[in-house]
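With chain D held as given, fit chain L onto it using these hints.
One-letter residues, chain by chain:
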Amino acid sequence: MKYFWFGWLLATSISSCSLPADKQANSTVRIRWNRDPESLSPLTLPNQNAVDAATLLHCSLLQVDLSTGTYAPALADSLPRMQLLGDSLTHLRYQLRHAAAWDNGRPVLATDVAFTLKLIFCPGLPNEKARTQLGFIRDIKLDPTNPRHFTLVCRGQAPEFGFESGEFPILAEDALDSKHSLRQFSLASVATANTAEPTLAALAARYQQADLEDHSGRLPGCGPYKLAAWKKNQYLTFERKTHWWADSLRPAPLVLQAKPTKLHFSIIKDDATATLALRRHELDVLPQASARDFKRLQALAATQQRFAFYTTTSYEVVTAGFNTRRPLLRDSLTRQALSRLFDPARLLQATQLGQGQRTVGLVHPNDHRYYASNLPLLAYDLPQAQVLLQRAGWQHRPTGWTRPAAKGQSEHLALALRYRAEDPVFQTIALQFKAAATQLNIPVELRPTESSLLTTALREGDFDMYVRIQKGNPFAFNYASMLHSRNVQEGNFSKFGTPATDRLIEAVATAETPAQKRQLLQRFQVMLQQQAPLVPLFFLPYRLVTDRRLQNVYPSAIKPGYSAPTMTWTDAAPVLAQQ
Amino acid sequence: MGWLLLVLSAGLLAPWLPLAFLPAVPDLQHVAEAPSWAASPAHWLGTDTQGRDVLTELVYGARQVVSSSLPAALLATLVGALAGGAAGFWGNKGLRLPWAVWLAGVAVGWWALALPGRWPCSLALAGGAGLAWWRRRSRTAKPTGWPLPLDAMFQSALTLLSAVPRLVLVLVFAAGPALGTPQLVVLLVLVAWPEAASQVRTQMLRVRELPFVEAARAAGLPTWRVWYRHALPHACRPLLATAPLSLAGLIGLESTLAFLGVGRPPDVPSWGNLLGTLQQEPGAWWLLASAGGALVLTLLALQQLAQQFGQRA
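Protein sequences, first through last, are from chains D and L. In case it helps, my numbering puts the first sequence at residues 112 to 690. In case it helps, my numbering puts the second sequence at residues 5 to 317.
In short, the hints are calculated from the structure, not lab data. Each hint should be verified, as a subset may be incorrect.
Said to hold, decoys possible - Partial chain D-side listing against chain L, Cβ under 8 Å, derived: (1) LEU195; (2) GLY197; (3) ASP198; (4) LEU458; (5) GLN460; (6) GLN538; (7) THR539; (8) PRO554.
What the hints assert, rightly or not - Example chain L residues on the side facing chain D (calculated, C-beta under 7 Å, incomplete): (9) PRO30; (10) GLN54; (11) GLY55; (12) LEU59; (13) LEU117; (14) GLN159; (15) THR206; (16) VAL266; (17) PRO269; (18) PRO270; (19) ASP271.
Ideal Cβ positions, reconstructed from N, Cα and C, are used throughout, including at glycine.
The following block holds chain D by itself, in its conformation from the complex:
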């Protein structure tokens, strides 16, 4: 008998000490990514998945609250106070949260922010993209009386500076510069220094040696998660830190909530495989589902019971681009002619089942303040394309289109079109373009390319044309990264840029009043249609499918379209999905 009681006691204590298996499993959320992040270095974030990963590992001053679609303070304890100085400067005063701390307990201070900014402007580091985005910040002034208080000095007086200035991951000064050697430099002097400056060169070398692209653990962040596992092109797993500084905040703002103990991102390139994984309970969240899979899942009674379906607009625009450095494509008339070979209306219908929106440019059509609705939408027009080609100097011969080139030679119009392989949307666009070009006797070679190789090929200019997605947001209109001549090595894959267009892009980014911005964006959209370095075809919708038991998903038009850290599981009866 005593053995029975002993056994009962043991069983009872074990069951009371351990969580039910179901509960344990519930703390993990499994999400599909369609590509590898490639790099987790906070300075080099080559794609959206890398940005999302950085958001889990690091914290910014401000982060987007997907429940409201606005910026909210994260490391900062409030939105910055703006002060306009004269007619060309803005001061942004930030105060960091008292609770904000690194994993070793050291507080996050203004010196860390100053160090991060200097790193972003430091020569010799792969920071071109971040440098372009934050190029308006000229200096940072620390408050000697308050180590958590600082002021950013910005050139220009654009209202967007208020939130643009706060969206970059803050890095720990001690981790990369334990001797605080960068403190002797001002931000302006770092930005103008050359790569030979010994202190900066040493810092750049330390940064490169740390190989943060593959070893993010060498640079601990103050974000809620740490990287537990990363198998390239297969999966990434992030584990919730046991003690995170924001846990003590009451109430915790949405941008500082991190509920799942584990976030598992499965990299599944193929849409059909991802859908199958979702149906087989191997995934809980399927973002950016293809139009056909989404429709198919919605139509099935079994999946209707299990999954919630969300559709929102997005700021992702499918874009064709031209390599303007190629002699064939150096003139805008040729580019305009080739852009007439795309059929955006039918492509939108065929690939998105009519969801999404056609557009005249890079501004979202829903943004009625700035969208140039007076401009014509791009239309499929072969006769017009032919006329434009002739105006560009091309002559149609039985062998194709030729025109005189330098040194008495002639050039032949033939194109190579690159796009990301395994994406049926891009393939349909490429096939449609090639079919139209064939009608005009223009040879087109299709080159579907693996995503990481595609980035390299675009960066190196190894293409004539490409089709890819340009990502945007509703907050800022800074097109420098994709069209400014100083970014031809990084995001400006079309290699486009003239002094006049550069000035216009800079003016758009720093416009100070809505009226001024409207006028400049109108000019920008006209310029984009006339110069045609990029051809925006249509804006995509976001389609999200999640397990019905997942709550606090916050589907949104803002990338990535959902909020992974706020998701929680509920065992309650499924709620009706928001369509």
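Here is chain L on its own, set in the frame of chain D:
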């Protein structure tokens, strides 16, 4: 046989057939649609997930069979027959190459591999080859030289190629930039020739001992003539039965590559490519029925043909 003739004629005459749609041209208003006779022009066998007409893709897919798999199978059979026949007939010691050929070979190899002293050494070796050739012509004595270990070389190549699965080998070569038709044919030949070569070598080992070959040798015919005119035709007889199976294997391999989207441009019509689009639209039965049906029928017909040839041989 009737089906094979249909595939062959469709492949050869595809550009002149009165098809309503062009290959690899998407009809964006009818994407992934089941066979329909209502629209004009009608998609008799439906469309795939890119809006391409399935009937057109099937017909031009047959052209792919005729232009890639068939030449590759013929070439692989030819190469295999010659290589296997030579290895089996001469073995490791039967074929003696004169010094001049050896020296010329080393000279070419030295130059091609850019070894140290590329030009002087290559030229010296070439000079030596010329001298050996001149001496050989001027002398009446029995020609000297080293035997070429043909059989050992053949077996090594066979071991090397059979050590890696055929599909893996093809994927390694095809994983880079898209291949043109000639490159694809060469690749298919590379992986397919050992099969025919092994059979011919085995047969040749038997044939070379037969009385009529001995008689031809005793009659003083040149060795190459004995090999080419008398031994090889007999050793190649089993190929009649296996060549259709080899073709079937290559059609399957080419379709697998297209299904995986490897090695061929996406705008080249292929049955495998058509089947591959099924991944995006699993409910598209017409894709499975048409492309899968064409593939299965062709493979079965080739197997039937092989059986008939086997009985005759």
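Here is what the structure says about each hint:
1. Taken as an interface hint, D:LEU195 does not check out: its beta carbon lies about 51 Å from the nearest beta carbon of chain L, beyond 8 Å.
2. At its closest, the beta carbon of D:GLY197 sits 55 Å from a beta carbon of chain L; the interface hint therefore is violated under the 8 Å criterion.
3. With its C-beta approaching chain L no nearer than about 52 Å, D:ASP198 sits outside the 8 Å limit, and its interface hint is violated.
4. The closest approach between the C-beta of D:LEU458 and any C-beta of chain L is roughly 6 Å, which is under the 8 Å cut-off, so the hint is satisfied.
5. Annotation: interface hint on D:GLN460 holds; nearest CB of chain L at approximately 7 Å, less than 8 Å.
6. Below 8 Å, beta-carbon pairs count as interface contacts, and D:GLN538 has one with chain L at about 6 Å; its hint therefore holds.
7. The restraint placing D:THR539 at the interface with chain L holds, with a minimum CB-CB distance near 5 Å, inside the 8 Å limit.
8. About 11 Å separates the beta-carbon of D:PRO554 from the nearest beta-carbon of chain L, more than 8 Å, and the hint is not met.
9. The interface hint given for L:PRO30 is met, as the beta carbon of that residue sits about 5 Å from the closest beta carbon of chain D, less than 7 Å.
10. Here the hint on L:GLN54 is kept, as its CB sits about 5 Å from the closest CB of chain D, short of 7 Å.
11. Taking 7 Å as the C-beta contact cut-off toward chain D, the hint placing L:GLY55 at the interface holds, the least distance being around 6 Å.
12. About 17 Å separates the beta-carbon of L:LEU59 from the nearest beta-carbon of chain D, more than 7 Å, and the hint is not met.
13. For L:LEU117, the interface hint is violated, since its Cβ never comes within 7 Å of a Cβ in chain D; the closest pair sits about 30 Å apart.
14. The interface hint given for L:GLN159 is broken, as the beta carbon of that residue sits about 38 Å from the closest beta carbon of chain D, more than 7 Å.
15. Proximity of L:THR206 to chain D is violated relative to the hint, the smallest CB-CB distance being about 43 Å (cut-off 7 Å).
16. Because the closest C-beta pair between L:VAL266 and chain D is about 10 Å apart, greater than 7 Å, the hint is violated.
17. Interface hint status for L:PRO269: upheld, as the beta-carbon distance to the closest one in chain D is roughly 5 Å, under 7 Å.
18. For L:PRO270, the shortest C-beta to C-beta distance to chain D is roughly 6 Å, which falls under 7 Å, so the interface hint holds.
19. Taking 7 Å as the C-beta cut-off, the interface hint given for L:ASP271 holds, the closest approach to chain D being about 6 Å.
Going through the hint list in order, the structure does not satisfy hints 1, 2, 3, 8, 12, 13, 14, 15 and 16.
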